[in-house]
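Engineer: If you want the building blocks of each chain, they are given just below.
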Amino acid sequence: MVRFKNRYILCEVVFPDKKKEIPRIDTKSVYFAVRDAILDAHGDYGLGAVQFSLSVKYLNIKTNIIIIRVERKHLNIVASSVVFIKKVASHNIIMKTLHVGGSIRACQKFLISYHKKNLPLLYSGCETEEQRAKVMQSIVEACDDLQNLTSRTKLTAPDSSSALNNLMSDD
Amino acid sequence: MVDADVKTKCFISEKKQPYLYMKVSLTIDGEDVGQLTPVQYKYLIMQALKETLGQIGASYTVDLLKLSSNGVALLRLPRGYSDKLWAALTMYGATPAKRRCAFRVLQVSPFLMGLVVDSRWQQ
Numbered sequence: 001m002v003r004f005k006n007r008y009i010l011c012e013v014v015f016p017d018k019k020k021e022i023p024r025i026d027t028k029s030v031y032f033a034v035r036d037a038i039l040d041a042h043g044d045y046g047l048g049a050v051q052f053s054l055s056v057k058y059l060n061i062k063t064n065i066i067i068i069r070v071e072r073k074h075l076n077i078v079a080s081s082v083v084f085i086k087k088v089a090s091h092n093i094i095m096k097t098l099h100v101g102g103s104i105r106a107c108q109k110f111l112i113s114y115h116k117k118n119l120p121l122l123y124s125g126c127e128t129e130e131q132r133a134k135v136m137q138s139i140v141e142a143c144d145d146l147q148n149l150t151s152r153t154k155l156t157a158p159d160s161s162s163a164l165n166n167l168m169s170d171d
Numbered sequence: 001m002v003d004a005d006v007k008t009k010c011f012i013s014e015k016k017q018p019y020l021y022m023k024v025s026l027t028i029d030g031e032d033v034g035q036l037t038p039v040q041y042k043y044l045i046m047q048a049l050k051e052t053l054g055q056i057g058a059s060y061t062v063d064l065l066k067l068s069s070n071g072v073a074l075l076r077l078p079r080g081y082s083d084k085l086w087a088a089l090t091m092y093g094a095t096p097a098k099r100r101c102a103f104r105v106l107q108v109s110p111f112l113m114g115l116v117v118d119s120r121w122q123q
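Going line by line, the protein sequences match chains A and B.
Sequence positions in the first sequence follow full-length UniProt numbering and run 1 to 171.
Sequence positions in the second sequence follow full-length UniProt numbering and run 1 to 123.
Since the hints were made in silico from the structure, they are not lab data.
Keep in mind that the hints are not guaranteed to be accurate.
Unchecked claim - For each label pair, taking beta carbons as the anchor points, the in silico distance ranges come out as:
id, chain 1, residue 1, chain 2, residue 2, range
1, B, Gln47, A, Met1, 40 to 46 Å
2, B, Pro110, A, Ser113, 47 to 53 Å
3, A, Met1, B, Glu31, 51 to 57 Å
4, A, Phe110, B, Val105, 43 to 49 Å
5, B, Lys66, A, Phe52, 37 to 43 Å
6, B, Thr37, A, Lys86, 32 to 38 Å
7, B, Lys16, A, Lys87, 39 to 45 Å
Computed from a predicted structure; not experimentally measured.
Cβ atoms here follow ideal geometry from the backbone N, Cα and C, with glycine treated the same way.
Given these sequences and hints, build the entire structure.
Structural biologist: Below, the structure is given as structure tokens:
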């Protein structure tokens, strides 16, 4: 037996237009945008090579993260045409490829470390005290979750010191 | 046994050649191909590439070396992509004006000299 070997492209969707409401995009519209970009950049040949395995596996509207699956052989076709996507369902967007992984799990692992890195940046980018408090709270919550997770796996009693301090010392 | 009267020479190159030379003929439904200028001819080739290989495929270099009056042209393709370009030319079926058309590949050779003689049409 031979497995179908895939690659998963982890992308961040950036909205250059500053609007109040959350843009409504779904998996289907992202798929069509990717498909059109491939047709434009690599023509009928590129689309035919990729279409069998192309699918959008994951879409998070809140964090603007998507995961696209492709056959390993034709990764270059998709990776090179994703760059040229300008519009998804009438929203102007920019696609930033963050990571290419061999499985969804590997992509999620990367995503956790990516968000971990970005939370402090978010904190320093805050303008009002209120926002700052909000971000700090979410950091603390995330750290608590993480610690609960690790303590459960290691079967040790949770440390009495703050989870945030733990994180600081780790980094 | 080698006949003493007939002198034949055979050249074999073991090196990889950088280009593939191709003789193609273009036919367009209900149109005189002899009227086409080299620029128009190249435009049709680019259209063919764009259709099957997209914008990135159309960035491959194709040189139109010579255009005869009967729509037969000599092309020079880089060896690495020659098969893709060949396929794109063969797949082309309709001009932008929706006229049916076809590129027919008559001869290919890694040497320009190879296109001088065509054994198919020899008497």
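Engineer: Does each hint hold? Answer for all of them.
Structural biologist: Status of the hints after comparison with the structure:
The hinted range of 40 to 46 Å is satisfied by Gln47(B) and Met1(A), whose Cβ atoms lie roughly 44 Å apart. Between Pro110(B) and Ser113(A) the beta carbons are some 51 Å apart, a value that agrees with the proposed interval 47 to 53 Å. Hint check: Met1(A) to Glu31(B), Cβ distance near 54 Å, so the stated range 51 to 57 Å holds. About 48 Å separates the C-beta atoms of Phe110(A) and Val105(B), a value consistent with the hinted range of 43 to 49 Å.
For Lys66(B) paired with Phe52(A), a C-beta distance near 41 Å keeps the hint of 37 to 43 Å intact. Hint check: Thr37(B) to Lys86(A), Cβ distance near 35 Å, so the stated range 32 to 38 Å holds. Taking the beta carbon of each, Lys16(B) and Lys87(A) are about 43 Å apart, inside 39 to 45 Å as hinted.
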